[in-house]
Amino acid sequence: MRIRLALLTACLSLATALPAQAAATGTHLEGRLPSGAAYVMDVPASWNGTVLLYSHGYTPAGAPNPAQNTPGAAARDKLLAEGYALIGSSYATNGWAVTEAVPDQLATLDLFTEKFGAARRTLAWGTSYGGFVTTMLAERHAGRFDGSLSMCGLVQGGVANWNSTLDPVFALRTLLAPDSGIRLTDFAGQAEAVAAGKALTTKVDAAQKTPEGRARIALAAALHNIPGYNDASQTEPGPTDWQTRQANQYSAVRGLLQMPAFSWRQEAESRAGGNPSWNTGVDYTAMLARSPLYKEVTELYKEAGLSLRTDLSALGRAPRISADQPAVRWMRNTSVLSGRLADPQLNIHTTGDALIPVQAESAYRRAATAAGSGPLFRQAYVDGPGHCTFTPGETLAALHALEHRLDTGRWDTSPGALNSRAAAEDPTTEPRYVPYRPAAYPRPYDLAHPGDTRP
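Residues 1 to 455 in my numbering are what the sequence shown lists, from first letter to last.
Mixed in with the good hints there might be a few duds.
Cβ pair distances, simulated, as ranges [stated by the list, open to error]: (1) Ser-420 / Arg-309: 46 to 52 Å; (2) Glu-303 / Asn-333: 43 to 49 Å; (3) Ala-195 / Asp-407: 39 to 45 Å.
Capping the alpha-carbon separation at 20 Å, the derived lysine to aspartate or glutamate pairs in EDC-like fashion look like this [said to hold, decoys possible]: (4) Lys-78 / Glu-299; (5) Lys-78 / Glu-430; (6) Lys-203 / Glu-192; (7) Lys-209 / Glu-299; (8) Lys-203 / Asp-179; (9) Lys-295 / Glu-236; (10) Lys-115 / Glu-30.
In short, the hints are calculated from the structure, not lab data. Using N, Cα and C, we set each Cβ at its ideal position, and we do this for glycine too.
Can you make the complete structure from the sequences, with help from the hints?
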C-alpha cells in the first residue's frame with residue numbers, strides 16, 4: 001500500500017542534528033506516519049546517492065517500539081561517514097506486524113523521496129524478523145528496490161516458523177507432561193499463553209535434573225535444530241561433549257518457552273484469527289533422523305539407559321494438533337515467501353542461532369531455486385554463536401558484497417572475499433565467514449512448492 005505524499009508531509013518533523021561524527025554536516029529527521037509508526041532518517045551532506053531502508057526485528061507486544069534505521073550505532077556511524085542515507089520505521093504495531101511493517105516501510109521510502117529526491121540506488125536490509133520483512137519487500141515490491149540484504153532472517157516464512165515452533169513444545173509436553181493438559185495453541189489470551197509457557201517450563205526445569213529428562217530435552221531441541229553452542233557466554237563444547245551441548249540447548253529451550261512458543265504465538269494467532277500451525281501427519285522419527293543433532297540425541301539416550309524408540313513411538317501415538325484453515329490462509333497470504341526475486345539478494349546467518357536456526361536458509365534457498373531466482377540469490381555464513389551476532393565489519397562486508405553484485409553483475413561472496421571486506425571495515429575484529437551449508441529445514445512451506453504438506 002502506498003500512502004499519499006500529501007498526508008506524509010503533514011507528519012514530517014523539524015530537522016535536528018545528525019548523530020555522531022556527521023552531526024555538523026547532515027540532516028536528521030524524526031516523525032510519525034499517518035499509520036502512527038515512527039520514522040527516522042539520517043542523510044549525510046555528501047550523500048552518495050544510495051538509500052538503505054532498514055527493517056528492524058520482532059518487538060513483543062507492550063515493548064518500546066522506536067524507529068530504527070540501522071542494526072547498531074557502529075554500523076550507522078560508518079555508513080554515514082561513507083555517504084549512505086539511512087531510513088527506517090517502527091511499524092505501526094508490535095508483534096507479528098507484517099501487514100503494517102511492509103506499508104510503513106514503503107511509506108517511509110516515499111517520504112524520503114519527497115524530501116531528498118529520488119535515490120540513485122535503493123537497498124532494503126533488515127535483521128531477524130526484519131530480514132523476513134526485507135524479503136517480503138524484495139519479493140512483492142521489487143520495483144521499489146535495486147537489491148536486498150537479509151541478516152539472520154526469518155526467511156522460512158510464517159507457516160513454517162510456527163510449525164517448527166510447535167514441534168519441540170509438542171515433544172516436551174508428550175514426553176515430560178503427558179497428562180498435564182498444557183495448551184500449546186488456540187490460546188484465549190496472553191494470560192493463558194503465559195501460564196501455559198510457565199507450566200511447561202517448570203516441567204522442563206525438573207527434567208533437566210535427571211539423565212532421562214536431559215535426553216528428552218535434547219530430542220525436543222533436535223526437532224527445532226537448536227545448536228549446542230548458541231550464546232557467546234556458554235562453554236563451547238567439543239565435538240562429542242554431549243552433556244555441555246545439551247546444557248546449552250536447555251538454556252535456549254527455556255527461552256523458546258518463555259516467549260516465542262507461547263506469548264508470541266498467541267499474538268500471531270490473534271492476528272490470524274486462530275491457530276495457523278499443525279503437526280498432523282508429521283513423522284517425528286524421520287524428522288529426527290534428518291537432524292544434524294541426531295548423534296547427540298542417540299548418545300544421550302544411551303547414557304540415560306532410555307529407549308529412544310519408545311519415546312519416538314509415544315510421539316507417534318500422541319493426539320496431534322490441527323490448524324484452523326482460515327488462520328492458515330491468512331498466514332499464507334500475508335507471511336509466506338515465494339522465492340521469486342527480481343533483483344539480487346544476499347542472506348547472511350550465524351551458524352549458532354537458536355532463535356532462528358540456520359536451517360531457515362535452506363528453506364529459502366529451496367524456494368528461490370524452485371522459483372528460478374538462483375542466479376540472483378546468494379547466502380553466506382558466520383561461524384559464531386547467537387542470533388544476529390554479526391560484528392559491524394561482517395555486516396558492512398555483506399552490504400558491500402551486494403553492491404559489488406549490482407556494480408559488476410557478478411557475485412563475490414566467498415568467505416575469503418567477505419572476510420577481506422570485513423577486515424577493511426573493522427581491522428580490530430577477526431572476521432568469521434566460513435564455508436558452510438546448513439542441513440535441510442525440517443518442515444518448509446513456501447509458495448513455490450504447492451506440494452508442501454498441508455494441514
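Against the structure, the hints:
no. : hint                          : in the structure
1   : Ser-420 / Arg-309: 46 to 52 Å : holds (50 Å)
2   : Glu-303 / Asn-333: 43 to 49 Å : holds (47 Å)
3   : Ala-195 / Asp-407: 39 to 45 Å : violated (54 Å)
4   : Lys-78 / Glu-299              : violated (47 Å)
5   : Lys-78 / Glu-430              : holds (18 Å)
6   : Lys-203 / Glu-192             : holds (17 Å)
7   : Lys-209 / Glu-299             : holds (17 Å)
8   : Lys-203 / Asp-179             : holds (12 Å)
9   : Lys-295 / Glu-236             : holds (18 Å)
10  : Lys-115 / Glu-30              : holds (12 Å)
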